[in-house]
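Asks: One-letter residues, chain by chain:
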Amino acid sequence: MSEENSSEKLCIILFSGDLDKAIAAFIIANGALAMDMEVSMFFPFWGINVLRKERPPRVVKDFISRMFGWMMPRGASRLKLSKMNMMGMGSAMMRRLMEKKNVMSLPDLIRTAQESGARLIACGMSMDVMGIKMEELINGVELGGVGTFLGEASEAKTTLFI
Amino acid sequence: MSEENSSEKLCIILFSGDLDKAIAAFIIANGALAMDMEVSMFFPFWGINVLRKERPPRVVKDFISRMFGWMMPRGASRLKLSKMNMMGMGSAMMRRLMEKKNVMSLPDLIRTAQESGARLIACGMSMDVMGIKMEELINGVELGGVGTFLGEASEAKTTLFI
Amino acid sequence: MSEENSSEKLCIILFSGDLDKAIAAFIIANGALAMDMEVSMFFPFWGINVLRKERPPRVVKDFISRMFGWMMPRGASRLKLSKMNMMGMGSAMMRRLMEKKNVMSLPDLIRTAQESGARLIACGMSMDVMGIKMEELINGVELGGVGTFLGEASEAKTTLFI
Numbered sequence: 003m004s005e006e007n008s009s010e011k012l013c014i015i016l017f018s019g020d021l022d023k024a025i026a027a028f029i030i031a032n033g034a035l036a037m038d039m040e041v042s043m044f045f046p047f048w049g050i051n052v053l054r055k056e057r058p059p060r061v062v063k064d065f066i067s068r069m070f071g072w073m074m075p076r077g078a079s080r081l082k083l084s085k086m087n088m089m090g091m092g093s094a095m096m097r098r099l100m101e102k103k104n105v106m107s108l109p110d111l112i113r114t115a116q117e118s119g120a121r122l123i124a125c126g127m128s129m130d131v132m133g134i135k136m137e138e139l140i141n142g143v144e145l146g147g148v149g150t151f152l153g154e155a156s157e158a159k160t161t162l163f164i
Numbered sequence: 003m004s005e006e007n008s009s010e011k012l013c014i015i016l017f018s019g020d021l022d023k024a025i026a027a028f029i030i031a032n033g034a035l036a037m038d039m040e041v042s043m044f045f046p047f048w049g050i051n052v053l054r055k056e057r058p059p060r061v062v063k064d065f066i067s068r069m070f071g072w073m074m075p076r077g078a079s080r081l082k083l084s085k086m087n088m089m090g091m092g093s094a095m096m097r098r099l100m101e102k103k104n105v106m107s108l109p110d111l112i113r114t115a116q117e118s119g120a121r122l123i124a125c126g127m128s129m130d131v132m133g134i135k136m137e138e139l140i141n142g143v144e145l146g147g148v149g150t151f152l153g154e155a156s157e158a159k160t161t162l163f164i
Numbered sequence: 003m004s005e006e007n008s009s010e011k012l013c014i015i016l017f018s019g020d021l022d023k024a025i026a027a028f029i030i031a032n033g034a035l036a037m038d039m040e041v042s043m044f045f046p047f048w049g050i051n052v053l054r055k056e057r058p059p060r061v062v063k064d065f066i067s068r069m070f071g072w073m074m075p076r077g078a079s080r081l082k083l084s085k086m087n088m089m090g091m092g093s094a095m096m097r098r099l100m101e102k103k104n105v106m107s108l109p110d111l112i113r114t115a116q117e118s119g120a121r122l123i124a125c126g127m128s129m130d131v132m133g134i135k136m137e138e139l140i141n142g143v144e145l146g147g148v149g150t151f152l153g154e155a156s157e158a159k160t161t162l163f164i
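Chains as they are written, first to last, in this note's numbering: chain A, 3 to 164; chain B, 3 to 164; chain C, 3 to 164.
It is worth saying that the hints were derived from the structure and are not from the lab. Among the hints, erroneous ones may be present.
The list makes no distinction among identical chains, and a pair is therefore deemed to hold if it is satisfied within one copy or across any two copies.
Computed cross-link-like contacts, BS3-like style, restricted to lysine-lysine with a CA-CA straight-line distance of at most 27 Å [what the hints assert, rightly or not]:
1. 135 - 82
2. 85 - 63
3. 135 - 63
4. 82 - 63
5. 85 - 55
6. 103 - 85
7. 55 - 135
8. 135 - 85
9. 102 - 135
10. 135 - 103
11. 85 - 102
None of these values were measured; they are calculated from a predicted model.
So that you can see chain A by itself, here it is in the shape it has in the complex:
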């Protein structure tokens, strides 16, 4: 993990909730982890959806948050492509092609990144605005703010906004 060498840290801010961008982010993250780099990923706005559990526990929410929660994709296996989604056909095709070509699925990429030591940090302000609670996110996710992100970025050699 080379704690002493700050230049070997990669910081990714995954703003997007698109399937293709989330896959790209986690392929880069896993590549960096395989090269022994430290990886911190920050999830604001739509990126929060990437971290949602498929079957979250019931939580109390006001009407508007419940509506937002319904409309946004719940978790990594329900995200859509940013282009050529074609009512889900494109996204299904992309998932099939990746499987055929032996590329890990997004949920597997996320699991592998976590197991290899990536820090996944959900943006508290975004969760508050969208009415998403910690219990609705996959296990092992930390809570943070823009200060957390800026701290990580200042230690990173490379920071990507995706």
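Put chains B and C on the given structure of chain A with help from the hints.
Replies: Frame of chain A; chains B and C shown alone:
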């Protein structure tokens, strides 16, 4: 401001004219300013729209520039979400939610960033192509080119393309 | 080219296949090259489409790859705007405006970048998933993976995900 410590500069290139991305950019910028970092923001392409005055003075333009000017959102309070805009309903909902949760509105975020010393640099080439004049932009914006941006980026610890 | 000064490298990962983002990427790249910086560009996912030849040789493909190849824009002169494409009208207007304002077209920007020494690296995994072959890409493009990109990024002063 730590003029002597170049590693404490954040550079943001806001290419997008989407409400959500503009909010993210200015929340990060204001966070960095609060942490005493220098912030330079560069606005090419659709990002120019973020800087437009709501009520610009009349300027002489050719037909195609006038058309472009009409079709693009005029200023920070008219931008739309990149996702779930739903004919403006989503954007209005997001603005309402942010207010309810005490997150500053985009025009306030921009004002605060300017008052805290952020440099806002409009891309001259983009303004020329889209037919936008300096008088149509909010006060305090500088004019620059890709060289200006690369110069700022070379001094920055972190550069984000949003 | 300042081989000895690693701080003078710019690394761009062009994930997007949108006309406006590709233009932005190559304007920044050419600006950096003009300032004597080294430039490495990596093309995963939709970015691959930017590198496609308009008239590629016939290559053997399975049905799904052939379908993907048909649906995606073939090369720099067929890309569309990310916003206001309006069935191609917006993209045509943008191309016309750029010509009128003496901004180089995307194919010219790419050629100039290549002639000035930019490395263009196509992502092998993306090509495999989308069923695009090396012969279908413009000349002078290298093949690489996420490791190649991370290596370049670790030497770069600035890395942009576009």
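Asks: Against each hint, give a clear statement of whether it holds in the structure.
Replies: Hint-by-hint comparison with the structure:
1. 135 - 82: Cα proximity of residue 135 and residue 82: in one copy and across copies (22 Å, 26 Å).
2. 85 - 63: between (32 Å within a copy, 22 Å between copies)
3. 135 - 63: Intra 9 Å, inter 46 Å, cutoff 27 Å: intra-copy only.
4. 82 - 63: Both: 25 Å inside a copy, 26 Å across copies.
5. 85 - 55: both (24 Å within a copy, 21 Å between copies)
6. 103 - 85: within (20 Å within a copy, 30 Å between copies)
7. 55 - 135: within (11 Å within a copy, 37 Å between copies)
8. 135 - 85: For residue 135 and residue 85, the Cα distance is within 27 Å only across copies (21 Å; inside one copy 29 Å).
9. 102 - 135: between (35 Å within a copy, 17 Å between copies)
10. 135 - 103: between (36 Å within a copy, 15 Å between copies)
11. 85 - 102: Close inside one copy (21 Å), not across copies (30 Å); limit 27 Å.
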